[in-house]
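Given only the sequences and the hints, what does the whole structure look like? Please build it.
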Amino acid sequence: MTRLLLRICAIAALGVGLAHDARAQHLNENCTVSVLNRTVRVNADGSWVLPNVPANFGIVRARATCIVNGKTVSGESDLFAVPANGVVNHKPIIFGNTTPIPVSLTVSAPVTTLTESGAMAQLEVQAHYPNGTATDVTAASSGTQYTTSNAAIATVSAGGIVQAAAGGTSGTVLIQATHEGASGLLSVQAALSGAPHGGIPDSWAIANGLNPNDPVMPFEDPDRDGLTNLEEFQNGTDPHNPDVDGDGLKDGDEVHIHHTSPLLADTDGDGIPDGVEIQTATNPLDPASFDLSTALATFTVTPASFVLDFNTIVGVASQQLAVKGTLIDNKTTLDLTSTSKGTNYVSSDLTICNFGVPDGNVFAGNNGSCTITITNSGFTAQAVGVVQTFTPTALSFIPLPGFANGVAVNGNFAYVAAGSSGLQVVDVTDRSHPLIAASLSLPGNANGIKLLGTLAYVAAGTALHVVDVANPLMPVLRGSLATSNALAVAVRGTVAYVANGSSLLLVNVSNPASIVPIATLPLAGTIQGIDVDAQRGLAVTAAGFGGVHVIDVSNPDMPLLLGSASTGDARAVGLRDTFAFVADYSNSTTSVDLTNPSNPVVRSHILDSNLGGFLQDIAVSGNFALGADVKFVNGVPITDITDPTQLQARAILNFPQRDDNGTGIAVDGNFVYLTTDHGALGKFQAFGDGRLYIGQYLALVDTKGVAPTASITSPANGSSVVEGSTLPVIVDARDDVAVAGVNFLVNGAVAFTATSSPYQYNLKIPVGISSLTLGATAVDLGGNIGTAPNVVVNVIPDPGTTVTGRVIDMNGAGVGGAIVSTFSRTSTTANDGTFSIPGVATVLGNIVVTASATINGTLQTGLSGSFAPVVGGTTDVGNVVVTLLNNGGFESGTLAGWTVAPGSNVHVMSSLGPQGAFTPIVPAEGQFMAVLSNAASAATPPGTSGSVITQTFAAPAVPSEIDFCYQFVSNDSGGFEDFFLAQLVSSAGTFTLASADNSGGSPAGGGAPPPPPGLSPGAVLTPPSAPAFSSGVNILGSGLYFIPSSTMTNRVCASFTLPAQVLGTQVTLKFTSGNAIDNSVESAVAIDAVKIRGK
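Be aware that the sequence shown starts at 18, since it is given in this note's numbering, and climbs by one per residue.
Among the clues, some could well be false.
In silico EDC-like cross-links for lysine to aspartate or glutamate, where the CA-CA straight-line distance does not exceed 16 Å [as the list claims (entries may be wrong)]:
no.: 1; residue 1: Lys-1108; residue 2: Glu-978
no.: 2; residue 1: Lys-358; residue 2: Asp-303
no.: 3; residue 1: Lys-341; residue 2: Asp-287
no.: 4; residue 1: Lys-1108; residue 2: Glu-942
no.: 5; residue 1: Lys-648; residue 2: Asp-676
no.: 6; residue 1: Lys-648; residue 2: Asp-625
no.: 7; residue 1: Lys-781; residue 2: Glu-740
no.: 8; residue 1: Lys-358; residue 2: Asp-287
no.: 9; residue 1: Lys-341; residue 2: Asp-352
no.: 10; residue 1: Lys-358; residue 2: Asp-308
no.: 11; residue 1: Lys-1108; residue 2: Asp-980
Using C-beta positions, here's what the derived DEER-type ranges look like [stated by the list, open to error]:
no.: 12; residue 1: Asn-811; residue 2: Ser-158; range: 30 to 40 Å
no.: 13; residue 1: Ser-365; residue 2: Pro-416; range: 43 to 53 Å
no.: 14; residue 1: Gly-889; residue 2: Gly-428; range: 37 to 47 Å
no.: 15; residue 1: Ser-853; residue 2: Leu-578; range: 34 to 44 Å
Simulated from the structure, these hints should not be mistaken for lab results. Every residue, glycine too, gets a C-beta built ideally from N, C-alpha and C.
Written out as structure tokens, the structure is:
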């Protein structure tokens, strides 16, 4: 079957099931749009472009006609002015009753001679319609526009009031009214007072260099055009210019012989000047009378050659030809593209090149070449075309360390969240030969990644990391925040939204060095995917069998669950307009209508999994959604989302190198980037056999010449920002083919370029300026540029805020003399515990106050909640409670105060073991200790943490240290498979306080360092190398699993001096019992006597 027939069949199929109600109709390929006498067929995605629309017809409407189930429905746009380039597109169409189009206008006035300066006359305009009726369309609200031939003589208002110009001259003007493409003329004369000389006002004579006192002046003809000065005045012409309208006819001949207008070059509006009509013996007063065979001098078509790249997922490719004719006057050019002008088109092979609307639009058929012959009135021009097909194509792959969980891309670099191998940076400048350009080890397990500007945000299980990738070859960790189970992340402005396993976590990332949690919203299901619509203030999470949840995040401090929808097994989600597109493991690509966020509705999904696959991730680009799949051998299903209520499977981009399973996906304007693993069906793992595949899903061409549209959706024009703050700039950019990139401009200079959506950039506001002009340009594959209207923001100095609150102890009593600090500003509490910290910056993120005080000889600390700063006012953080490290010795007999990561096996015990006569492990002090372990038979993916406990607290503002004791026991064998880590996570980085592995020593026993290598400065272990434990124990969770003494260490006590840069800040103490290589943790660690003390 030829592609021509396939295209016709596809169009017919897409028309099935359209709504019967005209009000619900949307533009698609079953519609045509007309403006004036130009008509175009609408693309399947609802887009359309009309070139070469005359720009001199005033404001007009675009009218649409659609065939829906055999019935014709119509709609129209609001009135608009045709731009100077004559290209019209993207006008919203409203279906229903349409405004009729007049065939002619008549213009009248009660008087047509104005005798005084400022005198007025109200015009009346009647529109005449094909059915013989007439309607008054004088009012501007009806869409009628007015122009005057000489505003120095008389003006005309938007409402049709003609007024003799104040202080003007006498003369005659031509008033033109236009309405829906029809026009009418009326001649109005200004004969101002003081005109006794032959009927010519003195003012007119003087203005035109004539002597009003000369009695023969009215009868003279200075320019010898056949009109006397009196006739020149009466007709509104220039007595010194014989051809005012430049049509090649003398003004006198136009008035006396031809009866044409000396003020209009083309009296009948057929595009051919009056002089050429007289020269070719046609009627200049009849728009249907013309003879192009004698009027044309040249006849051309552009482009003279063209290439139609048929993208199989798009389904249509076309080239609009423009036919021009130059007239024998050598200055007038006619647009002859329309067949209504007598132009005819012939294709040398209709199976290769065929025609559609508007006239001159050539559509691709089969591959090959063709010649389009265009004729008119004996003139001939030709355009040579080539049709070539592009199918989504695999380009390359590169192996990756760790486990390839997810990918993000911008420009010529792809950034991979690689499980245990942290961040991997891949140079994709040559998409056929990618290479790993850089890497960065990160604590936790890199599960997901997103980009915003020059920062990468990595969801790493036990932490959210912010990495500076301004230089992709040297990524730098800028900050971290401890999390419970971060699986995915989205970032909008200064807020990161973390899919945190069992909840949605909102985080303030305005200052990457001091990341502050804002709020947490528990949700049903496994929260593993997230996307955000900043304009609507909505976040949508993918929750596995829990479907999707829609959350109101317009107030980040109070996220609110609005509604949920069951999709099957939702793994990831992408948003576009009012729809969520879900990567569903059970139902492939699924669309969810978010028009009513409180009632999300599943509208469509790919019914056949052989076309849609089993998806783990999704990327939305233009009219397509691309998925990371595990069903196919190794393919990316591509879905057309043009109509979200009727999703269409378009293609599968196959990577034939081997049978891999997709885990993550990213796209830019042309290319798709797929992370995979060879064995695992799931994701969020640490070790595997992974790759990054690169494919091309769209051809690198765009010959339609239609520029993208771009608009800055945030911030608003005229808004104010504080110097030194971070300003989120968000751009909405769209194109008829694809957006290749968006440039963000600051005061006219490019500050950043984004090549994948969402198009956003965080701008650091400079200090010492009063305003900034923000701009944006969107570029498509053809190099066409769309420019967003500029947005000007006012920049004001940071007025700061005064932070107040009260420090209290566990009994609620005020604590005097406590040291309180926030953002490097400190103060001391009064006797009642109250404090005030003036001059705190408001641009560094939410306010969190740390407090430390010595009570009864013991150092105690506290941490306030997180509060948005009140700019220029007072920020009250309330009570700050100081305590010892909460349950650091576990003497409550519980894990109160500690956060236990999902899947952990942690218990508070009084002893571990013994078996037989062996000595048990007991607490170093007090009655209880915490034991972290996994049963020997429990599957624990390599590189993941078998058990993790954390506690976040305020580091004292005075020199201090953290103390604790631990004892590590293991029955593992081989290299360094099971390990223990003690870490302090802070805005200044992550510090290693202690570590041990199964080789029997501490920190490394056998000599090779455990992961991560070495201890941070300030960490001291006692003893530095522990001897083997002289007994044996049963590992927790396996009652018969005995640990012999040869593979255990004696107790080690550690102390860590807090670095100066973390004093007075929020920190997280983290203990991990982990696994580096095999699939089980066969070790345990007992932790006790955790405390903070001043130095």
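Structure-based check of each hint:
1. With a CA separation close to 8 Å, the supplied pair Lys-1108 and Glu-978 stays within the 16 Å bound.
2. The hinted pair formed by Lys-358 and Asp-303 meets the criterion: a straight-line CA distance of about 15 Å does not exceed 16 Å.
3. Simply put, Lys-341 and Asp-287 have alpha-carbon atoms about 15 Å apart, close enough for the 16 Å limit, and the pair holds.
4. For a cut-off of 16 Å, the pair hint linking Lys-1108 to Glu-942 stands: about 12 Å separates their Cα positions.
5. Of the supplied pair hints, the one linking Lys-648 and Asp-676 holds, its CA atoms being roughly 10 Å apart against a limit of 16 Å.
6. For a cut-off of 16 Å, the pair hint linking Lys-648 to Asp-625 stands: about 12 Å separates their Cα positions.
7. About 8 Å separates the Cα atoms of Lys-781 and Glu-740, which keeps this hinted pair within 16 Å; it holds.
8. Distance restraint check for Lys-358 and Asp-287: the Cα-Cα separation of roughly 10 Å lies within the 16 Å cut-off, and the hinted pair is therefore satisfied.
9. Simply put, Lys-341 and Asp-352 have alpha-carbon atoms about 5 Å apart, close enough for the 16 Å limit, and the pair holds.
10. Restraint check: the Cα-Cα separation between Lys-358 and Asp-308 comes to about 10 Å, which is no more than 16 Å; the hinted pair holds.
11. Pair hint Lys-1108 plus Asp-980 holds up; C-alpha atoms about 5 Å apart against a cutoff of 16 Å.
12. One distance hint, 30 to 40 Å for the beta-carbon pair Asn-811 and Ser-158, holds here, with the actual separation near 36 Å.
13. Range check, Ser-365 to Pro-416: about 50 Å between beta-carbon atoms, so the 43 to 53 Å window is met.
14. For the pair Gly-889 and Gly-428, the beta carbons lie near 39 Å from each other, so the given range of 37 to 47 Å is met.
15. The supplied range of 34 to 44 Å is met by Ser-853 and Leu-578, whose beta-carbon atoms lie about 38 Å from each other.
Every hint, counting from the list given before, is met by this structure.
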